[in-house]
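*Asks:* Taking the hints into account, I'd like the entire structure generated from these sequences.
Its first residue numbered 1, the sequence shown is counted upward by one per residue in my numbering.
Don't take every hint at face value.
What the hints assert, rightly or not - Result set (EDC-like, lysine to aspartate or glutamate): computed pairs, CA atoms no more than 16 Å apart in a straight line:
#1 Lys130 x Glu89
#2 Lys284 x Glu270
#3 Lys53 x Glu69
#4 Lys90 x Glu62
#5 Lys57 x Glu103
#6 Lys90 x Glu69
#7 Lys190 x Glu89
#8 Lys54 x Asp86
Stated by the list, open to error - What follows is a list of derived Cβ distance ranges for each label pair:
#9 Leu242 x Ile263: 47 to 53 Å
#10 Gln42 x Thr196: 39 to 45 Å
#11 Ala279 x Leu242: 40 to 46 Å
#12 Arg122 x Glu177: 34 to 40 Å
These are calculated hints, taken from the structure and not from any lab test.
Heads up, the beta-carbon is just placed ideally off N, CA and C, and yes, glycines get one too.
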Amino acid sequence: MICSPHRFDGSRSRRRVLGLAQAGLLCAALLSNARPAHAEDQAAARALFDEGKKLLKSGAYEQACPKLEAASKLYTSVGILLNLGDCYEKLGRSASAWTQFTEARSVAKRTNRSPEEAEANRRLSAIENKLSRLTIRVSQPTPGLRVTRDGEEVAAGAWGVAVPVDPGKHELHAEAEGYLGWTSTIEIGKSAPPLTIDVPALEPSAPAPVAPPPQATAQPPKNLPAADGATASSQSGHPNVLAWSLVGAGGLVAIGGTTLAVIEANRSKEASDNGDSDAYESTKTPWAIGISAAIAGGAAAAVGVVLLVTQKSAAESSKTGSWHATPFWAPGAGGLQLDGTW
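*Replies:* What follows is the structure, given as structure tokens:
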């Protein structure tokens, strides 16, 4: 049909007018769908096809296949598909070649090109016996199961179906949320017998450990008297150090003071017997120091002993009352003051 303007004749029938209007709308639709980019894609596909076919004839299959692949993405034709299938077959990719020959047959049949359809059938028959087939069988499907081959998902409808695959290594993987994944690597040889791989039932993944809730740490009450009537610090263990320090240091001071007092007392007696007044007077001060040290050291040791005893009997003493011991000393005197309630 050629789109051209028509002169309107008012004497013509209404049917004729409607027919012309419909024809005009059809022409407008066809012209609006024409895209210059389509012609550019077709030209690019032709250039890629020519280059790929030249490389294919020279035996450079690794370089020829990418050229033909790019051409097939820009423009679909039986010639491009047949040559791409030939290239794949030269590389040993029998399944990929079979796919291209099958597509070429469909395009030829759709466009009523019988010679090309017959050629595609011939090549399919020639390569049929060379195909290696793989069946992925899932006997116990897991909810949400996803199976992939070489990173490409295998549709659930293809499970259990022997599909052609290219020879070489293939990685199978199965996964589902909440389950441990499964992976297997297989190698298929050329013209190998059909192979079946069973995907096992996936094992549930272990749940993440739940951290226990934080435990509240009991804190001792502040500013409260201890149960034994002593201060709260008496329960921390420090009074034991103080008590033993008093016993040890006080004992040493008491022993030293007593020794000094005894020595000076003996000197004083000898000076008195000899009538040496100067020597007698010189013994008074050291003797008084020795006596004071003996009293003070004894008092300190006594306080230490009392503290040790009171700590051990704190529970019993808290039932009847409480008491405290306070040492005191002065020149020539000393003692232990006890305060308590009953």
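*Asks:* Hints numbered earlier in the text: which of these fail when held up against the supplied structure?
*Replies:* 5, 9 and 12
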